[in-house]
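2 protein chains.
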Amino acid sequence: MLCVNVELKERRYPIHIGANLLKDTTVYPLKKGDKVMIVSNPTVAEYYLPELTETLQAIGCQISKVLLPDGEKYKTLDSLNLIFTALLEENHGRDTTIIALGGGVIGDVAGYAAASYQRGIPFIQIPTTLLAQVDSSVGGKTAVNHALGKNMIGAFYQPVAVIIDSMTLNTLPKREINAGLAEVIKYGAIADADFFQWLEQHIDELVALNQSTLQTCISRCCQIKAEVVARDEKEKGERAHLNLGHTFGHAIETHLGYGNWLHGEAVAVGMMMAAVLSEKLGKLSKQEAARLEKLLARANLPTLSPDSMQAQDYLPHMLRDKKVLGGKLRLVLLETLGRAYVASDIDNQAVLEAIRTCSQPDQ
Amino acid sequence: MLCVNVELKERRYPIHIGANLLKDTTVYPLKKGDKVMIVSNPTVAEYYLPELTETLQAIGCQISKVLLPDGEKYKTLDSLNLIFTALLEENHGRDTTIIALGGGVIGDVAGYAAASYQRGIPFIQIPTTLLAQVDSSVGGKTAVNHALGKNMIGAFYQPVAVIIDSMTLNTLPKREINAGLAEVIKYGAIADADFFQWLEQHIDELVALNQSTLQTCISRCCQIKAEVVARDEKEKGERAHLNLGHTFGHAIETHLGYGNWLHGEAVAVGMMMAAVLSEKLGKLSKQEAARLEKLLARANLPTLSPDSMQAQDYLPHMLRDKKVLGGKLRLVLLETLGRAYVASDIDNQAVLEAIRTCSQPDQ
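Protein chains in written order, with this note's numbering: chain C, 129 to 491; chain H, 129 to 491.
Misleading hints may appear alongside valid ones.
A pair counts as met if it fits within one copy or between any two copies, since identical chains are not told apart.
[Stated by the list, open to error] Mimicking DSS-like on lysine-lysine, the simulated pairs with C-alpha atoms at most 27 Å apart in a straight line are: (1) K411 - K137; (2) K163 - K362; (3) K163 - K456; (4) K302 - K159; (5) K159 - K362; (6) K137 - K364; (7) K364 - K163; (8) K151 - K163.
Bear in mind the hints are in silico, worked out from the structure with no lab data behind them.
Predicted model, so just to flag it, every value in this text is computed and none were measured.
Pulled out of the complex, with its shape left as it was, chain C reads as follows (with noise of 0.2 Å):
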């Protein structure tokens, strides 16, 4: 079992990586008596509730659940409601603990009840999905999504602890597997450039699902952004690095409507468009660019923005983004493979030439 401390000031807590946690009682801070709430989702449920009740069981708790519909597009305040209606309808208060049973949807949105509930209680992450165990269970933010732009409700808030089960994976669509790699990979091209050449060799194993290189990948990771948000909690520098393609891949995201591309995929095509422009501001080498695209594409992600989208539809959700500061598009680009930058007073003309670049053909 590997284990990730999240140093923060008040708060540190542990992000245990191994396999067959789920039925390991010595990693969970909860002892006999204590009572929980299990959000989860039917999918997930369906596969690992029980064995999670079993041990939960076994250590004595009490315990609760309540299933949201499964999906990026319940990701709303009426999901969130769902829970806050199952904790007062059991009398819940507020030495309850949340337990987040699922991937970034479930997590997001059951962080941001705990953080709300009673104004803040207790909460636990065990995320199911690559995506959620590198990237969104890591670093305490949570949020609902508004019809008119993604994660924008929210809270900064952190888990007591985050218990990662490399063997959940076994049961995620490949598909989702790839998309949870987009952000690994982000994490080479921002931040370790021995981590990028690390992946470029294991890529394939990771595809393949071996379990030791994935709790090593997942390790890695964890450590990366852990380092990032202890040092920058509430996203005032450095952690806006981590949205690395984000800003554009929401604006994919958003114009398809929630759910029809993952989000991974539409962070794999923003990190193109980042990589092309960083290329066109003459920063990141050709060299640099076309390694990343490879390794997507190894990755068996996509690197071109979809059919239906135009690059002039790009930018009015682009500026919703939280990063923009008075008007004016603030975007995260890669100086080299290893380091990104935040980018300010950006030529609009240059972002759609670079969307242009990474789009079909024919347009």
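Once you've looked at the hints, dock chain H against the given chain C.
Chain H only, in chain C's frame:
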């Protein structure tokens, strides 16, 4: 003009108290070019929005506004979402300041919107009711209601400034002035015997809206609350004292449906119930309980349970209180006039008796 500073670890913010502050450009922590979103309701907006708009225009702010329907029953996730929609429709980013112009409902909803929009944007409180001026605008508790419980969804989130214009009380219905006095009396009862005595001497001037007496009174209440909040921001201990009478009061509000009794009216009765229970437990003297009853009556506040409510109607609501731990009631009670404490392990039977003592004689 009076000024009370709230001292918190990472943030410190001022509460300005005086006549005609709505027109005073110097008290707003805003500068030329700043974007603001004013949140108000139609009643308050008709009186004070033009004045505030003029002041903000003089500073040079870019002004947006959104009006929420008036009343406690609209303190909901739906109203919250109206604010998010207004912010997103006008492309507001993280640099926009939300200004709450109104009573406690507006302050609580707008404050929670500020806490949640893009995970947190700046926020200024301009409370226009006595209740909001002495209580809800100080201390950073924000919330909306759930059908199953009051203030169940929210955040601890501090404003950058609170601006209290005591002239706004001239347009407030008498019944709401009285309701505000319930919280004023509470401060004397829980924390300051001298202030309680001062209130016994000045209550008629307060009821008659003497401006200078009001300002002294508001300032003293803010000071007491600010000191308590600075010592215990997240309500781990002492801050709970501010809830004297509130657990009983919330039961009344929930049972009657939000908005039938005013919050302060319910709290007045709740304080009497807490006082009677304190007396039964051998803490407060009979004379002290009588002094409290008399002061509440002089402020035209109720001291008996609503006709339509039986003693046994209280407990189910009270058991949903945020102070409940391990399914046991925890209540704020009085050692003496001027000193509160938190009691756990209270016999439900004693609670029922205290409620009956404060019920209409024919029950």
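Hints, one by one, checked against the model:
no. : hint        : in the structure
1   : K411 - K137 : neither (35 Å within a copy, 41 Å between copies)
2   : K163 - K362 : between (30 Å within a copy, 21 Å between copies)
3   : K163 - K456 : between (47 Å within a copy, 14 Å between copies)
4   : K302 - K159 : neither (36 Å within a copy, 52 Å between copies)
5   : K159 - K362 : between (31 Å within a copy, 24 Å between copies)
6   : K137 - K364 : both (15 Å within a copy, 19 Å between copies)
7   : K364 - K163 : between (36 Å within a copy, 19 Å between copies)
8   : K151 - K163 : within (18 Å within a copy, 51 Å between copies)
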